[in-house]
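Protein chains in written order, with this note's numbering: chain A, 1 to 428; chain B, 1001 to 1303.
Derived from the structure by calculation, the hints contain no laboratory data. Please note: incorrect hints may appear among the correct ones.
Now the in silico label distances, taken between C-beta atoms and shown as ranges [stated by the list, open to error]:
id	chain 1	residue 1	chain 2	residue 2	range
1	B	1054	A	195	50 to 58 Å
2	B	1164	A	195	55 to 63 Å
3	A	178	B	1137	57 to 65 Å
By construction, the Cβ of each residue, glycine as well, lies at the ideal position given by its N, Cα and C atoms.
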Amino acid sequence: MAEERPDNEAAAGPAKPESPVIEAEKPEALPAEPSQPEPAAAPARPEPAAAVPARIEPQPEPEMPLLRIEGVTRKFGNFRAVDRVTLDIRAGEFFALLGPSGCGKTTLLRMLAGFETPDEGRILLDGRDIAPVLPHERPVNMMFQNYALFPHLSVKDNIAFGLKRAGMAKADIRTRVAEMVALVKLEGLEKRKPDQLSGGQRQRVALARSLARRPQVLLLDEPLAALDKKLRESTQQELMELQRRLGMTFIVVTHDQEEAMTMASRIGVMDAGRLDQVATPRDLYETPASRWIAEFVGDINLFEGQVGAAEAGRLAIATRDAGTLYVAEPRSPLAKSVVSVAIRPEKVKLSRRAPAAEGTSAHAFNRLEGVITDVSYLGGHTTYRVKLDSGAIVRSSMANTTRIVDAYAASQRVVAWFMPDDCLVLEQ
Amino acid sequence: MSARRIFARPASFAAIAPYLWMVLFFLVPFGFVLKIALSQTAIAQPPYVPLFDLWGGREATVAAFDQLSIENFKLLISDNLYILSYLRSLTVALVSTAILLLIGYPVAYGMARLPQRWQAIAMMLVIVPFWTSFLIRIYAWINILQHDGLLNTVLLKLHLISAPLVWLSTDTAMYIGIVYSYLPFMILPLFATLAKQDPALLEAAADLGASPWQAFWQVTFPLSLPGVGAGALLCFIPVVGEFVIPDLLAGSNALMIGQTLWLEFFTNKDWPVASAVAVVLLVLLVAPLLLYERLQHRQLEAR
Chain A
1 MAEERPDNEA
11 AAGPAKPESP
21 VIEAEKPEAL
31 PAEPSQPEPA
41 AAPARPEPAA
51 AVPARIEPQP
61 EPEMPLLRIE
71 GVTRKFGNFR
81 AVDRVTLDIR
91 AGEFFALLGP
101 SGCGKTTLLR
111 MLAGFETPDE
121 GRILLDGRDI
131 APVLPHERPV
141 NMMFQNYALF
151 PHLSVKDNIA
161 FGLKRAGMAK
171 ADIRTRVAEM
181 VALVKLEGLE
191 KRKPDQLSGG
201 QRQRVALARS
211 LARRPQVLLL
221 DEPLAALDKK
231 LRESTQQELM
241 ELQRRLGMTF
251 IVVTHDQEEA
261 MTMASRIGVM
271 DAGRLDQVAT
281 PRDLYETPAS
291 RWIAEFVGDI
301 NLFEGQVGAA
311 EAGRLAIATR
321 DAGTLYVAEP
331 RSPLAKSVVS
341 VAIRPEKVKL
351 SRRAPAAEGT
361 SAHAFNRLEG
371 VITDVSYLGG
381 HTTYRVKLDS
391 GAIVRSSMAN
401 TTRIVDAYAA
411 SQRVVAWFMP
421 DDCLVLEQ
Chain B
1001 MSARRIFARP
1011 ASFAAIAPYL
1021 WMVLFFLVPF
1031 GFVLKIALSQ
1041 TAIAQPPYVP
1051 LFDLWGGREA
1061 TVAAFDQLSI
1071 ENFKLLISDN
1081 LYILSYLRSL
1091 TVALVSTAIL
1101 LLIGYPVAYG
1111 MARLPQRWQA
1121 IAMMLVIVPF
1131 WTSFLIRIYA
1141 WINILQHDGL
1151 LNTVLLKLHL
1161 ISAPLVWLST
1171 DTAMYIGIVY
1181 SYLPFMILPL
1191 FATLAKQDPA
1201 LLEAAADLGA
1211 SPWQAFWQVT
1221 FPLSLPGVGA
1231 GALLCFIPVV
1241 GEFVIPDLLA
1251 GSNALMIGQT
1261 LWLEFFTNKD
1271 WPVASAVAVV
1281 LLVLLVAPLL
1291 LYERLQHRQL
1301 EAR
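Bound conformation, chain A alone (with noise of 0.2 Å):
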């Protein structure tokens, strides 16, 4: 945290006059508004009438994406690094692009920001193609993995870069570039090089030069991956903060799915270069569309089996290590015979003897006998792997509610039951 330090003693002196900046921050970076991209002479940027209409009602049309992704594809010789993307991104979005490394994720948002353009597709912004607009065209701005800051110049001249290509007046720049030093709390900085600023600290001038323009889109290629665990979850706070301030449209690429799944309203997940699921972090979690996306996105038991006969609400299925489970029928039929069922750790509850089988059926839970091997206390949760007598392992997460110690030890012989409406039916 000593890396921080100048922050904090900035934050305790002129911090005040934060509030009233971002009043006046507001209502200028509607989304409507930067769609003149800066036009060179227009020293005045006279607030104009035009953007009164737009304030009263912030979406351009509720129809209409502000960005559309048409089947786009880039080709690398014969490798496909993004294949047949078909994405909507609404006006005032936070939305993340999450996938493993190579996965054409930074590749799509390289072709957002105009460094690649696509072989096949097109790109709509606003209802217009921008497949044509070069880079220091476009009104999309892009925050850089490892912030790509200018060495030569100071975190002041950092963030006037993008204003003064603009040809803004010298006074206006003054104004923009102090509201962005205040927005992403760096006063009394502004006069350092990147090389005299820490971790945390060149992050936030990268963040504020790449908001100085107040650009449509803001793209972020994995923007909290330099720093540091504890500063990377304050600083997803306040990225999330910030983006529901300025009303804009944030599209981040990551590799962690906690930071998606936190920050995000909508995540589509990459693989391969395809665009395999676009969800809330509640859908992707719960109702992942496929097997790979299940076990790239938080931990999960599977079970592959032959499906069996649907009774009472319940499907039940054959499977070679767990027996039979039962699941919540889906709503709509199967069309494979070998699926697989998947269920969370932390829906799967341990206890000494199988719970009673209260109602009439006997398909009320599923219970899996077998024995404890591993207990992995983390502080908010345990994970338990138990040893089933097939030789399979379920796994089992159990919040720690009180200071006792764990409920289990290892070595003990436990029952693991399930809910079939917890249970996931994954066919690919």
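We have chain A; now place chain B onto it with these hints.
Frame of chain A, contents of chain B only:
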């Protein structure tokens, strides 16, 4: 503890080694030259007086010291032959450095933008001419530039000129020779600074609305200034003292200071004046070096 002691000695030796080198191979010889510069010519062997006799006792040494004078330096100021020589040397060096920068920068820039494996080849192409003797390469230029040489032949064949032009023994020929010989010294430091620049910086500049031209002047060029400084110094300083190229390629109506020095030393056998010329040249060259050093220092402090 013991490990520290073992390392302490070589470390301290390493620290003084550069100073030792400077004293042995720069300050001591410079002392000799300075002493000769303060002496007078004599028809003798060696051709100057006084000579220090280390076994002559204290009185002889004092007497020898009394004979030293700054007459030779006064001569350099009074005779504009020397002043003109110095001025010509500085002008030639300045013009050459400017031309070298104008040619070297685009070449280095292009090299730095090549794919990695082509960079090594380009680097080889820049260095390979060094494998041929410098003198032979200058003689080759004489061949190219002479009356019926390659250049005139080609120009005549292309009907660009109707009669052979005079190239040899002109300033143009000299500049061609200098630029040709020193170009690698300009390209290599420039290439080194340009190649290590993060390409993401240019993307960031473009992202923030800079056209490629603006990005170059706002980002690439300022960041390459250390390379520009190093290349300019690496060329400027030796060109000021250049002797061979102007002697072989330029006319004889205006001399560079290296040629004047050579004349004084070998033709006039006036070692003291030649030494004085050398001392002044050194002072002239050290001044810009110190200035550069100080600028760099200030830049470091400003950080």
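Worksheet item: Among the hints numbered above, which are violated by the structure, and what are their numbers in rising order?
Response: none
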